[in-house]
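We have chain U already, so just place chain X on it with the hints.
Spelled out from the first residue to the last, the chains are:
Number of protein chains: 2
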Amino acid sequence: MDAVPRTALSRLPESGVDDLDALHSLLDEAKVGHIGLMADGFPVVIPTAIVRSGDTLLAHGSTGSRWMRPLADGADASVAVTLLDGIVLARSAFESNLHYRSAVLFGRFVALDGEAKSAGLDALIDGLVPGRSGEIRRSSKRELAATLVLELPIDRWSLKVSSSWPTDAQEDVVGDAWAGLIPARIEYGRPLTAPEVRDGIPIPDSATALGR
Amino acid sequence: MDAVPRTALSRLPESGVDDLDALHSLLDEAKVGHIGLMADGFPVVIPTAIVRSGDTLLAHGSTGSRWMRPLADGADASVAVTLLDGIVLARSAFESNLHYRSAVLFGRFVALDGEAKSAGLDALIDGLVPGRSGEIRRSSKRELAATLVLELPIDRWSLKVSSSWPTDAQEDVVGDAWAGLIPARIEYGRPLTAPEVRDGIPIPDSATALGR
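Heads up: the sequence lines are chains U and X, in that order. In this text, residue positions in the first sequence follow the working numbering: the first is 1, and each later residue adds one. In this text, residue positions in the second sequence follow the working numbering: the first is 1, and each later residue adds one.
One or more hints might be untrue.
Claimed, not checked - Keeping only pairs whose Cα atoms sit at most 25 Å apart, straight-line, the calculated SDA-like set for lysine to any residue is:
(1) LYS160/X x GLU29/U
(2) LYS117/X x GLY127/X
(3) LYS141/X x ALA72/X
(4) LYS141/U x ASN97/X
(5) LYS141/U x TRP165/X
(6) LYS141/X x GLU95/U
(7) LYS141/U x VAL173/X
(8) LYS160/U x GLY127/X
(9) LYS160/X x MET38/U
(10) LYS160/U x GLY54/X
(11) LYS141/U x GLY175/X
(12) LYS117/U x GLY54/U
(13) LYS117/U x GLU135/U
(14) LYS160/X x LYS160/U
(15) LYS141/U x ASP155/X
(16) LYS160/U x VAL17/X
(17) LYS117/X x ASP155/X
(18) LYS160/U x THR193/X
(19) LYS160/X x SER92/U
(20) LYS141/X x GLY61/U
(21) LYS160/X x GLY61/U
(22) LYS160/U x ASP40/X
(23) LYS160/U x ALA72/X
(24) LYS160/X x GLY54/X
(25) LYS141/U x GLN170/X
Claimed, not checked - Covered stretches of chain X, as calculated for chain U (at least 3 residues, CB under 8 Å):
(26) 33-43
(27) 105-113
(28) 148-158
(29) 199-211
The hints are simulated quantities; they were obtained by calculation from the structure and are not laboratory data. Fair warning: this is a prediction, and the values are worked out from it, not measured in the lab. For each residue, glycine too, the CB sits at the ideal point set by N, CA and C.
Isolated chain U, as found in the complex (with noise of 0.2 Å):
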């Protein structure tokens, strides 16, 4: 492992947050990672939802998945997770910048088996709705043997927060542009019910819960 890349924060260091809560609490409102890794020579990334359990980050992906593999095998890799806050329009080109928060976890992922495979894929279903495990029937062993679940330990890493206000200097500030901020955020809409539900079956909490 002397290959990890040193996580300490190469610029802007006032943006970068050493506090393990901020970290879950950003794992834990995202929805999907980018996971990096090097594939048949080729540094790819690899798109997927991701899931906080615990002091660990679970991903799933197919037994077939060509990225996925090496990642099962214990790959070196990282895994980014950003949410965009806002757009901070300062005076200058130079000042602009995102709100954002984002982690880069590194390290190697194991494969889950047996029962913790089944706790982590419940565990991923409930980061994506919370309570929707226990609303549906339980994996298969078909499902289960074509999937592969894998879990990163959460302990190395960096998190980046930036939510200021624009830093225009102040001979910027005098003049004539203005300066603010447009926030975001993701959204959730009302949960839209699948044509094949049959009538009487009613929208579940976890879906209205989430979808406001």
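What follows is chain X alone, placed relative to chain U:
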């Protein structure tokens, strides 16, 4: 460039889309990309603002950034650009899914200079907030010297789009579980004026157009 991975999709071919307009639409809507590269012998992922300019993708960063520098030097790179469009609640964990659009671009960035660099910075600003570059002053020589503007040709890529209702087996459809979709999207809020903005400077059209 022999090491560029096959961009043909290894799984779920029905979700692979060979449509340049759909790719451009995704790149134009997203504000953030995730760049994967090898740095210090480890596969890292850098979240960063991205914008499409014609048939290239632009990113920028500090000349002091440890992870942007190898990109400017032509390191192999992937860029993933993903938008979450919803959460699919199927009647089993196995069929549960996300609605998403996700592109991965492969290649090598080049650092822009001179006029192309200035134009690239304008494109980056206008990609975040259309029209914004015309409302702020030009970048100074010092600012330009401190900034890397990186360009990647959009010529090797894959695009996956997941936008279907749950595809549960008939034995699950006849069961008692609800199934459906929770739509998701990035919502931009009303522009907020920075504390130091003088009275009488109105919120510009660029900001009001984006922040509904």
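Each hint, compared with the structure:
no. : hint                : verdict
1   : LYS160/X x GLU29/U  : 23 Å, holds
2   : LYS117/X x GLY127/X : 15 Å, holds
3   : LYS141/X x ALA72/X  : 19 Å, holds
4   : LYS141/U x ASN97/X  : 19 Å, holds
5   : LYS141/U x TRP165/X : 24 Å, holds
6   : LYS141/X x GLU95/U  : 14 Å, holds
7   : LYS141/U x VAL173/X : 19 Å, holds
8   : LYS160/U x GLY127/X : 23 Å, holds
9   : LYS160/X x MET38/U  : 20 Å, holds
10  : LYS160/U x GLY54/X  : 31 Å, violated
11  : LYS141/U x GLY175/X : 19 Å, holds
12  : LYS117/U x GLY54/U  : 15 Å, holds
13  : LYS117/U x GLU135/U : 19 Å, holds
14  : LYS160/X x LYS160/U : 29 Å, violated
15  : LYS141/U x ASP155/X : 41 Å, violated
16  : LYS160/U x VAL17/X  : 33 Å, violated
17  : LYS117/X x ASP155/X : 21 Å, holds
18  : LYS160/U x THR193/X : 24 Å, holds
19  : LYS160/X x SER92/U  : 36 Å, violated
20  : LYS141/X x GLY61/U  : 48 Å, violated
21  : LYS160/X x GLY61/U  : 15 Å, holds
22  : LYS160/U x ASP40/X  : 20 Å, holds
23  : LYS160/U x ALA72/X  : 22 Å, holds
24  : LYS160/X x GLY54/X  : 21 Å, holds
25  : LYS141/U x GLN170/X : 18 Å, holds
26  : 33-43               : holds (count 10)
27  : 105-113             : violated (count 1)
28  : 148-158             : violated (count 0)
29  : 199-211             : holds (count 8)
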